[in-house]
Each structure stands twice: as structure tokens, then as C-alpha cells.
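Chains as they are written, first to last, in numbering that gives the first Met the number 0: chain A, 0 to 316; chain B, 0 to 386.
Straight-line C-alpha distance at most 30 Å; calculated DSSO-like pairs for lysine-lysine:
1. K142(A) - K270(B)
2. K267(B) - K152(A)
3. K126(B) - K67(B)
4. K25(B) - K71(B)
5. K126(B) - K351(B)
6. K72(A) - K361(B)
7. K152(A) - K157(B)
8. K124(A) - K142(A)
9. K157(B) - K277(B)
10. K142(A) - K71(B)
11. K270(B) - K152(A)
12. K343(B) - K267(B)
13. K142(A) - K152(A)
14. K270(B) - K343(B)
15. K71(B) - K126(B)
16. K71(B) - K136(B)
17. K152(A) - K230(B)
18. K361(B) - K76(A)
19. K142(A) - K267(B)
20. K157(B) - K343(B)
21. K72(A) - K105(B)
22. K230(B) - K351(B)
23. K277(B) - K351(B)
24. K126(B) - K25(B)
25. K67(B) - K25(B)
26. K219(B) - K351(B)
27. K219(B) - K76(A)
28. K277(B) - K219(B)
29. K71(B) - K105(B)
30. K25(B) - K361(B)
31. K270(B) - K230(B)
32. K230(B) - K157(B)
33. K136(B) - K105(B)
34. K343(B) - K277(B)
35. K176(B) - K152(A)
Simulated coverage check for chain B against chain A, where a stretch passes if three residues somewhere in it have a Cβ under 8 Å from a Cβ of chain A:
36. 226-234
37. 248-261
Computed footprint of chain B on chain A, listed as stretches where at least three residues anywhere in the stretch have a Cβ under 8 Å from a Cβ of chain B:
38. 146-157
39. 175-187
40. 269-275
Since the hints were derived computationally from the structure, they do not count as laboratory data.
All values derive from a computational prediction rather than experimental measurement.
Don't be surprised by glycine CBs; every beta carbon is placed ideally from N, CA and C.
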Amino acid sequence: MAIAKPTEATRVAKTGWLGRLSDQLWRSPRLLLVLLLLPPIAWLGIVYLGSLFALLIQSFFSIDEFSGLINYKFTLKTYGELFIPANFDIIVRTASMAAIVTLAAIAIAFPIAFFAARYAKGRWKAIFYLGVMLPLWSSYLVKVYAWKLILAKEGILNWGLETLHLSWLLDAWLSLSVIGGNSLSVSYTGTFLVFLYVWLPFMILPIQAALERVPGNYLEASSDLGARPMQTLRTIILPLALPGIIAGSIFTFSLTLGDYIIPQIIGSSRLFIGQAVYAHQGTAGNIPLAAAFSVVPVIIMGFYLWGAKRQGAFDAL
Amino acid sequence: MHKQHLNIVGAAIASALISQTAFANKITELGSGEGQVNIVAWPGYIERGETDPNFDWVTGFEDKTGCKVQVKTANTSDEMVALMNEGGFDLVTASGDASLRLIAGKRVQEVNIDLVPSWSDVDDRLKNAPWHTVNDKHYGVPYMWGPNVLMYSTEVFKEAPTSWNVVFEPMTLPDGKSNEGRVQAYDGPIHVADAANYLMATQPELGIESPYELNADQYKAALDLLRQQRKLVSRYWHDAFIQMDDFTNEGVVASGSWPFQVNILQSKGAKVASTIPKEGATGWSDTTMMHADAENPNCAYMWMEHTLSSNLMSDLSVWFGANPGVPAACTDGRGMQTAEGCTKNGMDDFEKINFWTTPVSKCASQNNECVPYYRWVSDYIGVIGGR
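All chains should be modelled from the sequences, with the hints used to inform the complete structure.
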């Protein structure tokens, strides 16, 4: 008699089709699981990976030299074209820029993040966060155009240097080959500065997060044991902050690899990978070469992550 | 126009959707309006007074015909082709590089010019233009056109430069300084045609007949000229507003440009002017074309007639710095444009202009052995990269 009550409670069937559906799902948890997982898997599988594979397949086609029509036969010819000097230049140029921007971002971001994580307290911490995040809230394009004006031949930077009688310094820098040019805004130096400015927050924040997690007593123990400050930095702080540095460098490196707007507005008009992709599709109709170009950053990032993993950057995750 | 602002999505759709719809026969008589017309147009081409109340060529048409005008703007020719392939539109303002693709892809239908009463007013120079007339069939009604002019600083050039050599050859400019780093060129492969246009005049022995039809040797000569130009150019221009900024802040004194930039810079008091040098120039010309499966053909025909007969072209000519396809729009006071204004936009220079067409390998003037456009793209990238 006593067990009648609970069975009665479960026996009451819900009415309406929604109720029956709910009962059905309760009885077969597997079905529920499939239904819940279907949308994210469909998104990841079809929309995300599917488009990536569509891109990959395109890159194995080739364009017919004579008619300009796409030849739908699998070939590696298009990948071969990436190695002709003009195209290879673009890859080297983009990868070097991404590497230099990343190194410079680490050099600048580390002290800032260190100060924020170790010394800034209370209001100063809030000001730090605001200072780092604020540029991210304004439009990317506005920032880039503003930089164009700052770096222009008749811009504020030149004016400032002129007032300080330091124009000779800038002129000397601009007369250098490769990194120089007619003015900062048409030189690689300018492109570099803008990349550095725009991506810097993406480096500061992960490093700061990593430094916050370094326990203070490790540092005390290190100095108790007689380590000089540099030694502590090299053997304790840097290794423990490495995951943050790697995470930040993944952002700055891949963002620079893929960007096509900054080098179009600031720089010497020499193309970066993103711009090459942009130019080859469209009226040109050279979708295979555009696809092959867009596979390049994927491969570079693949090697980068593999190298980072081998360095143990993800062990702490 | 922004032919080089290519669009990845657009191109992908374009290549996926080139469908095989049967050619619709041209319409022989008009009924009453369907209540709407859908147009794909360049930004700024179809204004209803919302940007500036003085520039409105839509509401009058809507009141008169009851056809509600709905505009979808496209930033590149590729976007236009993609939108037309998708369907759902009645008309498009196609440039010379899109129009032939649309005709070849059977996305537009023949226009019965008997149903467009003002056809007779169309500029005789445009009536049978090859970018909309194929096998004597008209696939559209001319819209607006304009030259790619040579813009120059009047502070440096007291008299207008007479040749494009100021942007192609290293030289000392009238102010005694070199032109190195002070000239610009267009950051699009079509600029190869500007080089070819210059070579047509300076090296006639190459035998170039059209700057868009170049055989291997002529093409090589054009690229060599562009390599020489690379040494003079600090930055190639891509965006009209960046070029204006470069003229004001970057010390640029001469460059190929559009009347659009010249007019805006002059209105801001900048010391610039433009000219078409003795070698002539390249240019663009747009056509209103009708979709093969247009759902609102009657309103579409009414709009085409409206473009030719109303204040549209006259006011648009002021608004955009372009020339009307109907010359009377400059002079008869139907809108704001005047004869002087049209002259400023290059109306009298039609003969000097080689209009934009997409280079293809099958070309009449060089025994079908021309270098196609995709090679222009990859080689121009190399030239800008210093190769």
C-alpha cells in the first residue's frame, strides 16, 4: 500500500503533445542528448568546417591559362604558383610583419601587464583596465584612419618633431631602405606601428591574467634563496607567464596574418596575404589562387601552435 | 567607381549560381505599373532626398507612376553580378566590366527601345556602345559616364600638365623638385590599361589598338612602364577619400583620379584642378539593364524612361561629378546641371576616352591572343610588390 503513492505520481501521463514529447524525452535520454547536440555539431560541422573544406577543395583546382576559366581537376599547380617570386614575397612579407609585431607587442605588453598585476591596486587597477580596453570600444576603422593622419607627412607627429628640431632623426630613419619611405604613413614602419597599436590589448590582457596567477610566495622564496631579481624573472616569472605570452602571441600573430585593411590604408601598397586573397577573387575570377593564399595562414598557424605545444605552452591549461 | 573593392561572398555566390535560365524574349508592349521596381545601383546613384533634400529624383517618379522604388546598393561590379545572379531584382546600373558578363550569363534581357520614348535623346556616341549592344541588340539604356582624369596641384603646376608622363616617367616638376614620392596611381589591375593608353601615344610601334586588348609584347611593355612608375609612387590609391587625404596631407601633387575627388577637394578650397592630357584617358560608363526574369517589367520600363527624360541625370551629374547619357540634361534646365558643369566633368572629352571593359583572351585587334584579366591581377600585384 505504501508504495502505491509514488507510482501513482509517476503514472500520471502529461496531456497535450508537448507533454507527450516531454515524457518521451525523459524515457530515452539518448534521444535528448542527440537533439541537444545536433545544433552545435551542425554549426561546427557544416557551417564552420564545411566552409573550410569547400575552401580547401577550391585551392586544388586551377585556372586555365588561356581562357581564364576554372579547371575542376585536382592538381597542385595552384599551390606551385604560391612559390613564384611575386607571391612568395607576399607570404614572407606578411609572416615577417606578424612575427615582428608579435615580438614588439610582447616587449611592450609585458612590463605594462607586470605593473598591473603586481603593483596596481584599487583605483589604479580600474584605470589600467579602462586604459587597455577603451581603444577596443571605438571602431577599428576610426583608429586606423586617425593613425593615417597622425603619421602623415603633414601630420601631428611630423609637426611635433619639427618643433623639437628632431626632423633629422625621422628623415634618417625614413631614408633606410625597406623600412623607410616617403613619409611614415607610406612606410613599413607606419604599418608596423598601427598593427602594434591595434593588437596590443590582445597581448596585455592574457599576460596580465597569467601574471596574476603567479603566487607571490614563489617570488619571496626565490629571493630568500638568494636569487637576483633578473634570475627570479628568468627562472620563475617568465616560465609561469609563458602560457599567457603564447596566448597573446596567438592573437597578435594570427590577427596580423589575416588583416587586409591596415596595410591598405597605411603602408607602401605592397600586398599582404589578406589583400592578395581579396584581389584574386572577384573580377579576376582566380578563386583557386585566392583559396590557396587563404590556406597559407592556416598552415603557418598550425605550425605555430604545434611549436608552442612542444614548448609546453599549453601544459598549464 | 569602386570596381576593385571586391567581395568574397559575392564572388562565391556568383560562381555558384551562374544558372542556365532561358532567354526571355523582349517585351513588345507595356501594361500598367506593378506598384514597385527593385534596382541594384552604385551608392549615390539613386537618391530620394534623404542624404540631401536638394537631390531627389525618385519621389517624383513614385508619385507619377505609383511604382515604389526599392534600391539595393552594391559597392563593386562583382557584387552587382552576384545580386543579379541571385535574382529578385528588375534593374541594375552596370558598369562596362559587369555589363558584358551579365549579357553572356543571360542574366539581363534585351530592351525594346521602341518602348522607351526618350531613347532618341540618348547621346549618339552611346547608343550603340559595345558594352551594352551585342549583335545589334540593346541590353540596356545608357546611364552615366565619366573619365579618369589627371588631378594635379595648381601650386606646383601653374599650367595644366599636357601629358601623363608626370606620373609615369621620372622627371623634375615645375617647382624644381623631383616627382619621386609625389605622384600616385590607381591600386587596381585596370591601371595597366592607363599605362597601355600612354604607350599607345608614346610608342606607336607597339601597335596597341585598344588599352584593354594587349598581346604578350604590348603587355610586357606596359608592365615595364608600371615598374618604372613603382619607383615614383609611395602609395597607390584605392579609396577616393584616402586619395583626397593624400593630396591634402601627404604632399601628393599629381595622380590619375575621378572628377568626384576633384570636385570635393575644390569645394573644400584645395588648390587642385584636373585635365585630360593629350594621350587621352580611360573612363567608365554605366548602363541601366533589365533582369531576364524581371517581375516588374512595366515599372522597369517606366524607370528607364524616367532616367532619360527627368531631372535625374542632370542632378545626378552635379551630385556625382559624372556625365549624363542624355546630353540635353546638361543644357535644357531640367535639373541643376549646366553646360559649364558638364564640361568640367569631361562631357566634351568623350572621344579621348577609352571606356573600361574587362580584358579577355579572345580579342579582335590582336588575333585573339590577348592577356586576360586574371593575369593583369597577378602581375600588377607583382609590380606593386617590386617585381
